[in-house]
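Chemist: Okay, here's what each chain looks like letter by letter:
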Amino acid sequence: MIPFVGEVERDCVTEILNVAIGQAASSLSQLVEDEVRLSVPFVDFLSPSEAAARLERETQGSDSVAVRQRFQGRFYGDIMLIFPERKSLDLVRHMLGDQVPLDQLTELEQEALLEVGNIILNACLGSLANQLNMPVESSLPSYVRGRGAHILDLGAPKAAAEEELVMFLHVDFSLLRKDVHGYLAFVMDIVSARHFVDAVSAYVNGRLGA
Amino acid sequence: MTDKTVLLVDDSRVARMMARKVIADAHPSWTIVEAASGEEAVEAAPRVRPDFVVMDVNMPGIDGLEAARRLRSIVPDARITLLTANIQEPVRQQAAGIGVGFITKPIRDDALLTFLSGGTAA
Amino acid sequence: MAAVHPDELLLALSDASEIGLVLIGEDGRIALWNAWIAKASGIDTARALGSRLAEMFPEIAGTRIESAVDQALSTGMSAVLSSSLNKKLFKLTHEGRTPAHNEPMHQIVVIKPVAGRDKSARSCLVQVFDVTPMAHREALLRQQARTMEALAENYRLSELHNRAIVDNTADAIITFGEDGAIGTYNPAAERIFGYDPYEIVGKSIAVLIPELAAKDGRLRIAEFLDERHEVTGLRKIRATFPLELSVSAMELGGQQLYVAIAHDITERKAAEAELRTQKEWLATLINAMPDMVCFKDGKGRWLVANQLLLDLAGLEGVDYQGRTGFELARLARGAVEVLSSTADAEERAWRENRAITTETQFATQGGAKVFDLSQIPLFNDDGSRRGLVVVGRDITERKLAAQRIHHLAHHDSLTGLPNRILFQERLRGALAQAKRAGHKVALMFLDLDKFKDINDTLGHHVGDLLLKAVAKRLQRCVRETDTVARLGGDEFAVVLTNLADPDGASNVAETIIASIADPFGLDEHEVSTSTSIGITVYPDDADDADALLKNADLAMFRSKAEGRNTYHFYVAEMDAEMQARKVIERDLRLALGTDQLELHYQPLVDMSSGAITGCEALLRWKHPTRGWISPAEFIPVAERTDLIGPLGRWIMHQACVQGRDWARQGLPPLKIAVNLSPAQFKNHQALIAMVSDILDQTGFDPALLQLEITEGIAMQNIETTIEVLRTLRSMGALISIDDFGTGYSSLNYLKRFPVDKLKIDRSFVVDIGLHPDNAAVVKAIVNLGHSLGTRINVEGVETREQLDFLLGHGVDEAQGFYFSRAVPAADFARLVREKSPYALTVEAVGA
Chain A
2 MIPFVGEVER DCVTEILNVA IGQAASSLSQ LVEDEVRLSV PFVDFLSPSE AAARLERETQ
62 GSDSVAVRQR FQGRFYGDIM LIFPERKSLD LVRHMLGDQV PLDQLTELEQ EALLEVGNII
122 LNACLGSLAN QLNMPVESSL PSYVRGRGAH ILDLGAPKAA AEEELVMFLH VDFSLLRKDV
182 HGYLAFVMDI VSARHFVDAV SAYVNGRLGA
Chain B
91 MTDKTVLLVD DSRVARMMAR KVIADAHPSW TIVEAASGEE AVEAAPRVRP DFVVMDVNMP
151 GIDGLEAARR LRSIVPDARI TLLTANIQEP VRQQAAGIGV GFITKPIRDD ALLTFLSGGT
211 AA
Chain C
953 MAAVHPDELL LALSDASEIG LVLIGEDGRI ALWNAWIAKA SGIDTARALG SRLAEMFPEI
1013 AGTRIESAVD QALSTGMSAV LSSSLNKKLF KLTHEGRTPA HNEPMHQIVV IKPVAGRDKS
1073 ARSCLVQVFD VTPMAHREAL LRQQARTMEA LAENYRLSEL HNRAIVDNTA DAIITFGEDG
1133 AIGTYNPAAE RIFGYDPYEI VGKSIAVLIP ELAAKDGRLR IAEFLDERHE VTGLRKIRAT
1193 FPLELSVSAM ELGGQQLYVA IAHDITERKA AEAELRTQKE WLATLINAMP DMVCFKDGKG
1253 RWLVANQLLL DLAGLEGVDY QGRTGFELAR LARGAVEVLS STADAEERAW RENRAITTET
1313 QFATQGGAKV FDLSQIPLFN DDGSRRGLVV VGRDITERKL AAQRIHHLAH HDSLTGLPNR
1373 ILFQERLRGA LAQAKRAGHK VALMFLDLDK FKDINDTLGH HVGDLLLKAV AKRLQRCVRE
1433 TDTVARLGGD EFAVVLTNLA DPDGASNVAE TIIASIADPF GLDEHEVSTS TSIGITVYPD
1493 DADDADALLK NADLAMFRSK AEGRNTYHFY VAEMDAEMQA RKVIERDLRL ALGTDQLELH
1553 YQPLVDMSSG AITGCEALLR WKHPTRGWIS PAEFIPVAER TDLIGPLGRW IMHQACVQGR
1613 DWARQGLPPL KIAVNLSPAQ FKNHQALIAM VSDILDQTGF DPALLQLEIT EGIAMQNIET
1673 TIEVLRTLRS MGALISIDDF GTGYSSLNYL KRFPVDKLKI DRSFVVDIGL HPDNAAVVKA
1733 IVNLGHSLGT RINVEGVETR EQLDFLLGHG VDEAQGFYFS RAVPAADFAR LVREKSPYAL
1793 TVEAVGA
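Residue numbers (my numbering), protein chains in the order written: chain A, 2 to 211; chain B, 91 to 212; chain C, 953 to 1799.
Taking beta-carbon pairs under 8 Å as the criterion, some of the chain B residues facing chain A (in silico):
| id | residue |
| --- | --- |
| 1 | 104 |
| 2 | 105 |
| 3 | 174 |
| 4 | 177 |
| 5 | 178 |
| 6 | 181 |
Keep in mind that the hints were calculated from the coordinates and are not lab data. Here a beta-carbon is modelled for each residue, glycine too, at the ideal position from N, C-alpha and C.
Sequences and hints are given; from them, build the entire structure.
Modeler: What follows is the structure in structure tokens.
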């Protein structure tokens, strides 16, 4: 793990993201008209290869699907919501009320998953922008499927990859009375990540009057 | 106005610090006691006898809703509000059932102060 | 090419587009509305431009579309929405082949911010994709998937069904072609023949069933077709076995195919062989049996009989088959009863459809024999009589053994006397007979006085010898027709029958008392004992056995209470006494824990200084209606019930608390003597725990606590006594032996007792001036005690004379009315303060 942030900074980031994910869960809850419970997230700052290894380990080497959006502002990068594939099938089919066991998501189902991801990611980004009082724009979501490394691979040159940082969160949703655990990953380059952490610290310090 | 005691319950140290700042600025002479979990809050309440309880919902261990439910019987006179970014209708109903209000996260100072002044929680 | 105005180009392009395009300006008004959306919505461009989106599509008010557009405009967020998830999107129509095929459009809506000229001003592009055909395709795909799944499930079930039959049948099912080559081979075939399918498929069927091939190797199926045959199979391990085979021919795809179904009949064959063997075994067995065995037909005619029966009945050489028992009886030379006496039992066995067993006795050359003859009926399916199995077992030995067991069960093994069971039988018998004849019956209970002491001091062996000797003497004291029984322990009972009057009973009782009083010579010991007898008389006292038993017990109790070695007749008052005891028990229970009970304290006076050095704690009961009740009346009652436990504890606790309080009041250290009852002492572990507990609880100095046991208790179970006394002493308490001089203390034991004080029994002091013997006893005990290092106390000192005598003989401590009776605690404290020390020597000198 990269000693990128201090303990206090991490606490600040955790709290800010906690609130952001809370709002995302609230948005999702409105969509599914059911209670969405979520675990307390814990934030890790990892290198892309560490993040890939972590994802690989937690999904036990099986395929995952991810909804990815670019975001742009004082800090920028990719934000992604990642589910184990099996869980994504369960989730979407359950939401659509269709239990036919096709092996993969159909196009429409992919669209539905994109939308779910879009809602969560936008709520999350929106909350961050709101809390930190700085504009964050987001692109359209895209759909990725594959193993850990592929999911996180942004097609950047290898050298650049080492300049990147993944802010990795494991989030357990309890949705539609089923457990769906997923991951939220922010992929930013070092500069952007530093901006982000600084903005968070500034916000918290402002609140504390320090 | 007499000095009051506020019990701040949040697993996040930063969140407690921010809430404490708001309260301390407005009421410098009040006593503010912090608890880092629902269990700690339930354990501390009989000793602290808080007038107000500000309770995070999403915490490890017993969650804020359950902790508020238990506090209701330990300190029946305390005014309790939940603090959450994730306000959902089913949760809102459960909270209403035990006479507990909500303040949204991120905290707005005026919402918190309204609650502490005895007005209705946001 | 002429230059086209950019706006026109844009419009042309957007109208040519195959998706819906709506541009919403920063003011929230529609700036672009392409042809596609105009057609799908039925709203033409002219009407749409400049309006708000919600005016065109009222159905989207409050939906996610509205908020997504707002967010795109205000914060630059992009969004995707699909009609799969959203109940309400735009109300658009998908155009079918004909207007009749028009339908609501399944759509995906993409909402994107579009940066304006300066950063803050944003527009929002709404793109609508018609995915209705895709939705149809996916619906169809799903439908197909569902159908496929159902078909597959169906097929799987039916295949499972067929396979289950072939796989689970016990028969080998093998298909083979015209050339004999095996095609399929089921699991039962694997089991039966031992080949795995891969080893045998393709090989000839003749490998498994050689008979199917002729000598020249060609198959000869025809002769086996459509009929069952027994053939020989050949297992992989080269073992042959019997098979039942049926072969059927069929045609499949133009090919001739045979199905062989082969059933392994190894077990059936084995069963047939087994049956033959069993017949032989049966014949051998019935002849080897020690029982008589005979099989008969439904009319009672003999079919088979074993040798034992033929020998006993004397039918050797007689052709018995087909003859009835009666017919054979004429021909028999032996015990004909076996043949003739069973006709009734046979008939009953059939009629009642169960085995009938009768006991038959007859003479043989070897003496009288008893047989249990069982007739076991057999029936045909239609209920008619099929036959009879007769088994006769020689139970001569068992009968003798049963008699012995009966004797054992009814007699006491030590003395050979009737035991309690037989005694009660005899008593009831005697009562019944007396009732008829108008006689009287006397019932006596007796037990040996102090038998336990003899047992403890001389051993169980001597005790047993004594019981045997007593049994003999008792039998000599009564008539043949009377019953002497041992009820257990040292308790005996005597039933005197044919009594004309109760005097007869007293004569017998006197004889018995005199007889038992004669010393017994047992194994070099001369043992003396005596007996206490209770007598009750039928019908004078009671007319049923239970009441008589109770009466005799009460009467015996009286004899013991009155000093033993005597007899008493039952009188009705004894019942009354028992009732009185019950009342005391009940009242005492109620008194526990109330102030009805209190302790009084009698001073112990040191004979050298005259000072009160302690006291004996004595229990007093002030009954609410009867006033003071003597301990002699209620202590024995407590002893016999569970009351002694709590009562004993209360006394000790009270005494210790009192002792502690006196110390706090500033009185000099005072020893308190507390009496331990036999019942308390018996449960020694509880006793030790209790003393320790109370000392802990009260904080009373153990060195001031004096525990008193009587000599009688001390002498029971001497080893345990020593052990317990040591433990109590190790806790710091003092031990004294009460009533000393009345028991049988052996000097040997006394030496070993850890004792601090001997208390000479008051009976030696009462008439000390009159009886020189008593003075000698006191002197002896004082010397004895001092030589053992124990102090000597004398109780019951009432007169100056007694005191002087005791002073003169070195007694260490005295108590008695001369000084004070037992008084309440406060009075005692006053005695200590005001009277102690008593002046002893002045008078002594003057005397």
